[in-house]
Amino acid sequence: MGIIAGITTLTLARWQFGVTTVFHFLFVPLTIGLGFLVACLQTAAYRTNDEHYDRMARFFGKLFLINFAIGVVTGIVQEFQFGMDWSSYSVFVGNIFGAPLAIEGLLAFFMESTFLGIWIFGRGRVSKRVHLASIWLASLGTMLSAVFILAANSWMQHPVGFKIDKATGQAVMTDFWAVITNSTFFGAYFHVLFAALLTGAVFMLAIAAWHIRRHQQRETFTKVARIAIVVTLLSALGTCFMGDTQARQMDAQQPMKMAAAEALYNTSDGASFSLLTIGDLTGNPLFQIRLPHLLSLIADNSWNGQVKGIKQLQAADVKKFGAGNYVPILWVTYWSFRLMVGLGILMIALGGIGLWLMRKKRLERSTWFLRFASLMLLAPFLANSFGWIFTEEGRQPWVVYGLLKTSQAVSHVSVGYVAASLIGFTAIYSFLAVIEIGLMIKVARKAPEELTSRDDERPLELVY
Amino acid sequence: MPHLHVVASTPPSGLEQLWFILIAVLWLGYFFLEGFDFGVGILLPFLSRDDMDRRVMINTIGPVWDGNEVWLITAGGATFAAFPLWYATVFSGFYLALFLVLAALIFRGMAFELRGKKDDPSWRAWWDRAIFWGSALPALLWGVAFADFLHGVPIASQATWTGNFFDLVKPYALLGGLTTLSLFTLHGATFLGLKADGEVRQRAQHSGLFLAPATFVLMLGFLTWTYVTAHTTHHNGLVPPFLPILGLVVLAGVGWLMRERLEGWAFVATALVIVIFFVTVFLNLYPRVLVSSVGPQFSLTLSQTASQPYTLKVMSWVALIFTPFVLLYQSWTYWIFRKRVRRAEPLPTPSSIGS
Numbered sequence: 000m001g002i003i004a005g006i007t008t009l010t011l012a013r014w015q016f017g018v019t020t021v022f023h024f025l026f027v028p029l030t031i032g033l034g035f036l037v038a039c040l041q042t043a044a045y046r047t048n049d050e051h052y053d054r055m056a057r058f059f060g061k062l063f064l065i066n067f068a069i070g071v072v073t074g075i076v077q078e079f080q081f082g083m084d085w086s087s088y089s090v091f092v093g094n095i096f097g098a099p100l101a102i103e104g105l106l107a108f109f110m111e112s113t114f115l116g117i118w119i120f121g122r123g124r125v126s127k128r129v130h131l132a133s134i135w136l137a138s139l140g141t142m143l144s145a146v147f148i149l150a151a152n153s154w155m156q157h158p159v160g161f162k163i164d165k166a167t168g169q170a171v172m173t174d175f176w177a178v179i180t181n182s183t184f185f186g187a188y189f190h191v192l193f194a195a196l197l198t199g200a201v202f203m204l205a206i207a208a209w210h211i212r213r214h215q216q217r218e219t220f221t222k223v224a225r226i227a228i229v230v231t232l233l234s235a236l237g238t239c240f241m242g243d244t245q246a247r248q249m250d251a252q253q254p255m256k257m258a259a260a261e262a263l264y265n266t267s268d269g270a271s272f273s274l275l276t277i278g279d280l281t282g283n284p285l286f287q288i289r290l291p292h293l294l295s296l297i298a299d300n301s302w303n304g305q306v307k308g309i310k311q312l313q314a315a316d317v318k319k320f321g322a323g324n325y326v327p328i329l330w331v332t333y334w335s336f337r338l339m340v341g342l343g344i345l346m347i348a349l350g351g352i353g354l355w356l357m358r359k360k361r362l363e364r365s366t367w368f369l370r371f372a373s374l375m376l377l378a379p380f381l382a383n384s385f386g387w388i389f390t391e392e393g394r395q396p397w398v399v400y401g402l403l404k405t406s407q408a409v410s411h412v413s414v415g416y417v418a419a420s421l422i423g424f425t426a427i428y429s430f431l432a433v434i435e436i437g438l439m440i441k442v443a444r445k446a447p448e449e450l451t452s453r454d455d456e457r458p459l460e461l462v463y
Numbered sequence: 000m001p002h003l004h005v006v007a008s009t010p011p012s013g014l015e016q017l018w019f020i021l022i023a024v025l026w027l028g029y030f031f032l033e034g035f036d037f038g039v040g041i042l043l044p045f046l047s048r049d050d051m052d053r054r055v056m057i058n059t060i061g062p063v064w065d066g067n068e069v070w071l072i073t074a075g076g077a078t079f080a081a082f083p084l085w086y087a088t089v090f091s092g093f094y095l096a097l098f099l100v101l102a103a104l105i106f107r108g109m110a111f112e113l114r115g116k117k118d119d120p121s122w123r124a125w126w127d128r129a130i131f132w133g134s135a136l137p138a139l140l141w142g143v144a145f146a147d148f149l150h151g152v153p154i155a156s157q158a159t160w161t162g163n164f165f166d167l168v169k170p171y172a173l174l175g176g177l178t179t180l181s182l183f184t185l186h187g188a189t190f191l192g193l194k195a196d197g198e199v200r201q202r203a204q205h206s207g208l209f210l211a212p213a214t215f216v217l218m219l220g221f222l223t224w225t226y227v228t229a230h231t232t233h234h235n236g237l238v239p240p241f242l243p244i245l246g247l248v249v250l251a252g253v254g255w256l257m258r259e260r261l262e263g264w265a266f267v268a269t270a271l272v273i274v275i276f277f278v279t280v281f282l283n284l285y286p287r288v289l290v291s292s293v294g295p296q297f298s299l300t301l302s303q304t305a306s307q308p309y310t311l312k313v314m315s316w317v318a319l320i321f322t323p324f325v326l327l328y329q330s331w332t333y334w335i336f337r338k339r340v341r342r343a344e345p346l347p348t349p350s351s352i353g354s
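Residue numbers (numbering that gives the first Met the number 0), protein chains in the order written: chain Z, 0 to 463; chain A, 0 to 354.
Hints listed in this document are in silico derivations from the structure and should not be mistaken for laboratory results.
Be a bit skeptical, because a hint or two may be false.
[Said to hold, decoys possible] Part of the chain A face toward chain Z, derived, beta carbon under 8 Å:
1) 2
2) 3
3) 6
4) 8
5) 10
6) 62
7) 322
8) 328
[Said to hold, decoys possible] Derived DSSO-like pairs: lysine-lysine, alpha-carbon spacing no greater than 27 Å straight-line:
9) Z:162 <-> Z:318
10) Z:445 <-> A:338
11) Z:404 <-> Z:310
12) Z:404 <-> Z:307
13) Z:319 <-> Z:307
14) Z:445 <-> Z:319
15) Z:165 <-> A:312
16) Z:165 <-> Z:307
17) Z:404 <-> Z:222
18) Z:162 <-> Z:310
19) Z:162 <-> A:312
20) Z:165 <-> Z:441
21) Z:162 <-> Z:319
22) A:338 <-> Z:127
23) A:338 <-> Z:441
Treat the numbers as computed from the prediction; the structure is a model and nothing was measured.
The beta-carbon is built from N, C-alpha and C at its ideal position, and this holds for glycine as well.
Bound-form chain A, shown alone (with noise of 0.2 Å):
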């Protein structure tokens, strides 16, 4: 019968560099293609007057958030592979917000799909809250889990959980979480004044002038909290002092571009943020994928959780030859669907069109 056994820590090779690279990329991508579509779905209520705005709000998103989410089963699935240590210890140890995450996506996507399946206003109000807290949810708990990997969660020994659901919102957490919250509706701010006509493309932008600032508050205060942690707590982690500056000037513009109506450009700045801002993350996790708040000697690091050399060389091969594809398609469909949504007239019933 197998015991398994965590071993003692070396430094990374270059191929678990290579893979820890990747994983990140793969979050990155995520997080910026779902952060813009949970931040619409954040918006829906506040952006819309009447359901028109409100399909016109969604069909923004229509034919791109299922490719979306297919970064975070493909980040998901590449950690299982490349780091299963790491994969099984926060997988187990965040049950239940992983829980609530799954149930708010579910409900997120069956709400898409279904909204305008029947004509009905209550149907389809129901489905609305649906897309609301499907996207608000996972928008907060993603933050909260990321700043939990870096302010450490409580595990001892051979990566055993010590803790409970309530080790995992400490206040620090929390903070990360309305960081991310914020963000990601700013994206998806942006996002809707690019890619939005009419009056929902003015509102996003009238609400981009509130919340930037609120986004450049909140994640400054985040990113002090960090660094003053890195710096009292000694850790090992890279930190980086000049890119979390340059993320909060970036973010600073972001409100003057929507103020001057250049929509690509603010689109491109708070993608930068979010970009910024998660390798900023990374950075300070590096070489630990998981840090302890136990002890400093229970942090699992790179060369802990990874896989064999041999399968990260497969895996290396597989991300090589097929990654450009995927990125050449994905990048199509926006290039497809790159006009603006507007309203149209007469209303069609949604629930006759489509395939």
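One chain only, chain Z, in its complex shape (with noise of 0.2 Å):
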């Protein structure tokens, strides 16, 4: 009973962080990415006098804001979860994990929310300067909240500054330069950062594409959707790029998870990488089309470079962890990879096909283009999920790689808890769902007004 009872909380647990930072992850890129561009934008604006810049940043503006504030709440779930559902993790890392949490609390939280406060509701306030300089603070807070969180998430995936507390059993921090120059966190950082910005990009080609094919300020949304598609394809490249990087740096450092992004069974030398399986995946597919080499070439940079096999692997890892399976679940970690790479490279085509048509000044005229581009909205969010659920779940059946497993992790609360909250966070967030998008839609699709000069008059401290 006792058992069984354990066993459920720890499901019941993972769902939840599951659940909770999926959503969570939906709002963040957005937002750091968002925030850049309109930043972008509203220094256009000022620098310009140019009137299509500052309605852009006011309309994507309040896109943004919808989106920052969705971020904010369900981004303190993030922080206290950890406490709630994984105490005895929190007790092993907290010497360690906790540090870049309150630093990202005090460095960018307050910057972010401070800053962004006075660019809402300083506008006509402050001087254009300062108005102007608000929002750049606020997109590096932003910016800033990615470093810490993913050098803590990067200590998890790749251990390092620290020794085993004999008393307490902890893990101690004994290099706080090695924890923030950890090896593995220069490249999911950039990999995140790119990926927001084409977030931001994505999201803004795709409204501005909508409102060019109705013609509704056709003018404005042109000069939107040309920014938008160079960052686009800017941004799509460096997260490719680094993409690149992480892999050959995960193969050597959790080559089990590489194993397992391919589901490569067998150690072998000039692997080919599989595009895509049907049927099962331990070995016997009834079809899959294969590209040859390219497997090494991604994880080793070479073209006959050797690629560890999941069976090799499961046995040395029982040699020196002790009996267990280190297999993360096969399906997930495949598919997971194959989708977040894939709608990487729709969106560098999205850019690329679009730099295209604007060099050939067909922009505005080619419908199946902004059609296209209009879809590509859920791409960037889709990619963004899949990418972590890929890299969360390769690396199980640890929490913390080599030194904790998830179900070492879990609190020793009651499993009617864990479920009312999972049942509660899980409901509370899908009526958010509902309310933002609703909300998002409606605000995406009405073009923004004319500014008149009442604007100016009215009464600035009403904005709520």
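Combine the two chains into a complex, taking the hints into account.
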């Protein structure tokens, strides 16, 4: 009975973490990416005195704020649930993992929230220079928050700068510099940062394309679409490039994750990359498309490099860590990896085709491209989710790689509590999602009105 | 595989004492700041006659509530980093209570951002309810939680939790919750007296005349109970005799200051009462962080829950370097938005302004 209850608490706690985290991370990249792009528009508005840019800064600013609020409120849950559901984990890693979370609050969240307040409420009340500086500082705050949270996550993927304390059994920090310069961190940070910029840019492009196709303020939205296309292409390439360097690192640091990404059962030299598989993943597929040597190139940067297989890695892990199953859920890792990469390539195509049409001056008239761009709205959100699902599931059964298993990390709380809060959070988040998406669509569809001189006379303290 | 073990308690080191003070400061900052924006949320249905009044009230805290809430996030993060076992034991032990706080804060935060985004009275009315409950519930539950820290929670050997939700809602804890609920509401009233204009300001002052004595009675009751318990159980917390009396004296003065329309001083006074109240609670706790109701030997102390000196040192440097900037720019926001918020005619639609 006790064992059954323990397993259920663990399962529910994992589902809760998955649901709340994937939901939270739908909004975070958009906050980072769109915050940066709105800051750019605001800069263009002030520098050129071009009314188009000012209108766009307000229009996308409003969408940014709707999105920002939900990111903030779901973010508090993130910090609290480590203690609520994963108290053994929290005790084990607190010496190391807690510091970046605290620093994130002190350095990033204060900056983000305070300067965003000044940007929203300060229009017309502070000087243009201060107003512009405030949106840039808010944007910088969002990018800084990613630094600390990814430093914390990188430590879970690849623990460095620590020792295990004999008296308490906790992991304790011995080298803070090593923790924040973790080799895993650099790749992860820029991969996520580029993905966030990509999310903002595709979001902007999709909405602009929708308006252009409906002949609503075409001139204004075409200007925005041009910026968005350039950012889409550059950040999609950046994400891809960083992902590629991460793959080699992953092969060295977490070889099982690499093998699980590919469902590669046996160690092979010059390994091919399977594009898709129909049937089971255990090595006897019904149908498969394979690209020769590509996996070796990805993992080892060489034509005939060796990529280790799941069977061999499992045997090695048993020898190293004792009996147990060290293989993640393969269909999750295999498909989430493919979907992430596939969507990424699709977004590179979006940016590339867009740029080509821009140079040919056919952007506004190319109906199929505008339709394609609007449809791509969901792509970055899906890719972000699949990316995290892959990297977190791929690390299983570990929560801290090689040190602490997920099954050892869970709180000793009753199943009922976790079930109640899982149902509660899922219900609240579903409700928020409906409201949020409804509101986003409403605001995004309404072409921004022409600004009138009355805007400056409005009582600015009454923003809400 | 790691085996986590709670070590025997030793007298706290200087670094551990420093971090206990810093954590206390973060909570004090949180209650001082979010205290008034909880208060404004609680008073929302009582001090408004129409939507314009409600917008005046919400806009007094508009630019700052989010920054105020970051104090909570930082307090949580700092507790995680400096006292992992305290963080883990409290957060898993207060599971359902924290779920309620989180749900309340989610609805409240969304309400601020969303209520004006649709021009529809029933839409706004629903979000206004969310603001009220989303403010009242945490204002109550934080008091319950801190009273529980002090009065004891069912933890046994190795910080194992042996009770359930109902162990957390004993009469003493409920009295603590009512005290903070009332105190934050009063703090919101003095804040509105300072920041709102017109009738909202008047009504806030009137509400203070009723809220101040009510808070006084509740706090007197709670502190008396706390001190009686401290002396009958001979616990080893720090029990300052004069501090709570000073707090009660200041609280008694709030009603008078509001009647005399010394609005700035009234706000300073409620802020001071909040600080004194929580300093008293934290001092009573020291050197423990969580009292056990099972037996005093199971109470968790600073030294048992703290991180290693290396982590605390790193965190001290980070705090020392960056906290001044945070305090500077946060105070600067209050300076920028120092003007009173007043009704505007003609009524602009909220959804057409902003960003």
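Structure-based check of all given hints:
1. 2: Result: holds, 5 Å to nearest chain Z Cβ.
2. 3: At about 4 Å, which falls below the 8 Å cut-off, the nearest Cβ of chain Z leaves the hint on residue 3 of chain A intact, so it holds.
3. 6: Because about 5 Å separates residue 6 of chain A from the closest Cβ in chain Z, which is inside the 8 Å limit, the hint holds.
4. 8: violated (13 Å)
5. 10: Violated, about 17 Å.
6. 62: holds (4 Å)
7. 322: holds (7 Å)
8. 328: holds (6 Å)
9. Z:162 <-> Z:318: It holds: about 22 Å lies between the C-alpha atoms, which stays within 27 Å.
10. Z:445 <-> A:338: Distance ~33 Å between residue 445 of chain Z and residue 338 of chain A Cα, so the pair is violated.
11. Z:404 <-> Z:310: holds (20 Å)
12. Z:404 <-> Z:307: holds (22 Å)
13. Z:319 <-> Z:307: Holds. Residue 319 of chain Z to residue 307 of chain Z sits at ~16 Å (cutoff 27 Å).
14. Z:445 <-> Z:319: This hinted pair is violated, its Cα atoms lying about 60 Å apart.
15. Z:165 <-> A:312: Status holds; Cα separation ~21 Å.
16. Z:165 <-> Z:307: Not satisfied, since the Cα-Cα distance of roughly 34 Å exceeds 27 Å.
17. Z:404 <-> Z:222: violated (51 Å)
18. Z:162 <-> Z:310: Status violated; Cα separation ~30 Å.
19. Z:162 <-> A:312: Holds, at about 17 Å.
20. Z:165 <-> Z:441: violated (58 Å)
21. Z:162 <-> Z:319: holds (18 Å)
22. A:338 <-> Z:127: holds (19 Å)
23. A:338 <-> Z:441: violated (33 Å)
When held up to the earlier numbered hints, the structure conflicts with 4, 5, 10, 14, 16, 17, 18, 20 and 23 and fits the remainder.
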